[in-house]
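Undergrad: Read off the chains here:
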Amino acid sequence: MEHLRKYVWGVLISAALVHFAIIYAVPNVLMNVAISRLSEMGLNRWQVAPRVTEQSRQIVRPSPDFSYSACTYDLARGPLVISAAPWREYWSLSLYAGNSDNFFVIDDREAHYGAEITLVQRGRPHPEGASMVVESPSARGIALIRRLAPTPEEYSAAAQVAREDVCASVASLSATDS
Amino acid sequence: MIGVVLGAASAWGALEIGRTNFAEQYGAWHFNRAAGSTAAGPYSRAIIARDGLLALSAREAMYFTLFADDQGRPLSESCIYELTGRDLDARWWSVTLYADDSFLAQNNDRAHSVDASRISYSADGYWRARVSPVKGDAANWISSRAARREFSLTLRVYNPQRDFRPSEQTLPRLTTLSCAGGG
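Order-wise, the sequence lines are chains A and B. When the letters of the first sequence are read in order and numbered with our numbering, they come out as residues 520 to 697. When the letters of the second sequence are read in order and numbered with our numbering, they come out as residues 59 to 241.
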């Protein structure tokens with residue numbers, strides 16, 4: 520009887536541990552999958568997604584009414600400069616941490632002429648002279664620009680504008696400037 | 059081993075049940091206020107990551123999802139529905155159909171959504187969108203062709219006005235017009 524009781528307790532405790540481990544792991548695992556899918560061309564650079572169609576299967580529930588640009592970032596080697604060029608309709612720049620939290624968003628109501636931020640890992644020093652510093656809770660994450668573009672013509676125009684977006688390390692930009 | 063299976067099954071069950079039970083409900087629409095929030099609890103975060111990864115926080119956009127018709131039956135390609143609504147107190151909105159795998163239905167009708175910038179209104183001030191496998195004479199159409207069973211509709215409300223209050227009255231209403239086989 521004592522043996523059975525210990526067995527039942529063992530099963531319940533291990534079930535609870537596995538249950539909570541999965542609940543806590545799901546967002547991080549899914550973000551890792553998303554980062555891997557969106558970084559085929561490399562980290563720390565914008566990739567303009569093709570127009571969303573029934574063939575778009577990288578991220579769940581894509582909106583066919585937006586032009587998306589994604590920059591999967593890694594701050595291990597230092598801060599990044601991220602900028603979004605303005606668009607004539609709604610646009611926003613949003614940042615997602617490694618656990619999927621949307622920890623920052625700025626849109627055209629606040630940044631009428633485009634946005635430029637310096638992204639730093641939380642706890643790391645801020646680059647000297649950086650104007651708008653945003654701290655990321657994790658080293659890796661995803662920056663996403665949405666531009667409202669419901670028609671093929673608007674998508675083409677938005678994709679053109681997206682070429683002006685920047686996602687690059689502060690060090691590389693400083694080297695270019697010097 | 060039994061503990062691992064039990065733990066995995068209960069976690070899966072919590073995520074499955076939680077997408078409707080952990081959400082606010084307005085009519086048949088479900089809304090998770092914690093989407094994208096840094097203050098989300100572990101269950102909400104996991105549910106949103108699975109069903110709507112890279113969602114914006116509610117200050118920027120609100121996402122309402124409808125999984126069943128006005129009678130509580132799962133949405134099906136074999137039925138014809140009508141979605142009726144008024145303009146919403148927000149900068150922009152859209153309604154998009156997703157198959158049960160959370161991706162766009164595998165059809166090339168280019169009618170996966172209707173949105174505020176393109177929708178036609180009736181003379182009474184309402185817009186009406188047909189959700190069906192074929193367009194017919196619908197002024198606004200969301201194609202459910204190849205969506206099979208248990209598809210869902212997501213209403214995105216971008217830049218909601220400060221006094222925007224979701225309610226059964228303000229959100230669009232789905233009505234089942236007919237189902238193949240009379241179901």
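Don't read these hints as lab results, they were simulated from the structure. Among the hints, erroneous ones may be present.
Unchecked claim - Derived Cβ-Cβ restraints for the label pairs, each shown as a range: (1) B:Cys-237 to A:Ser-575: 26 to 32 Å; (2) B:Ser-178 to A:Glu-559: 35 to 41 Å; (3) B:Val-192 to A:Gln-574: 49 to 55 Å; (4) A:Glu-683 to B:Cys-237: 45 to 51 Å; (5) B:Ser-178 to A:Gly-648: 35 to 41 Å.
Said to hold, decoys possible - If the Cβ cut is set under 7 Å, some of the chain A residues that face chain B in the computed set are: (6) Trp-528; (7) Ala-534; (8) Val-579.
For glycine and all other residues, C-beta sits at the position ideal for the given N, C-alpha and C.
Undergrad: None of the hints should be skipped; say for each whether it holds.
TA: Evaluated hints:
no. : hint                               : result
1   : B:Cys-237 to A:Ser-575: 26 to 32 Å : 29 Å, holds
2   : B:Ser-178 to A:Glu-559: 35 to 41 Å : 40 Å, holds
3   : B:Val-192 to A:Gln-574: 49 to 55 Å : 22 Å, violated
4   : A:Glu-683 to B:Cys-237: 45 to 51 Å : 50 Å, holds
5   : B:Ser-178 to A:Gly-648: 35 to 41 Å : 52 Å, violated
6   : Trp-528                            : 10 Å, violated
7   : Ala-534                            : 4 Å, holds
8   : Val-579                            : 4 Å, holds
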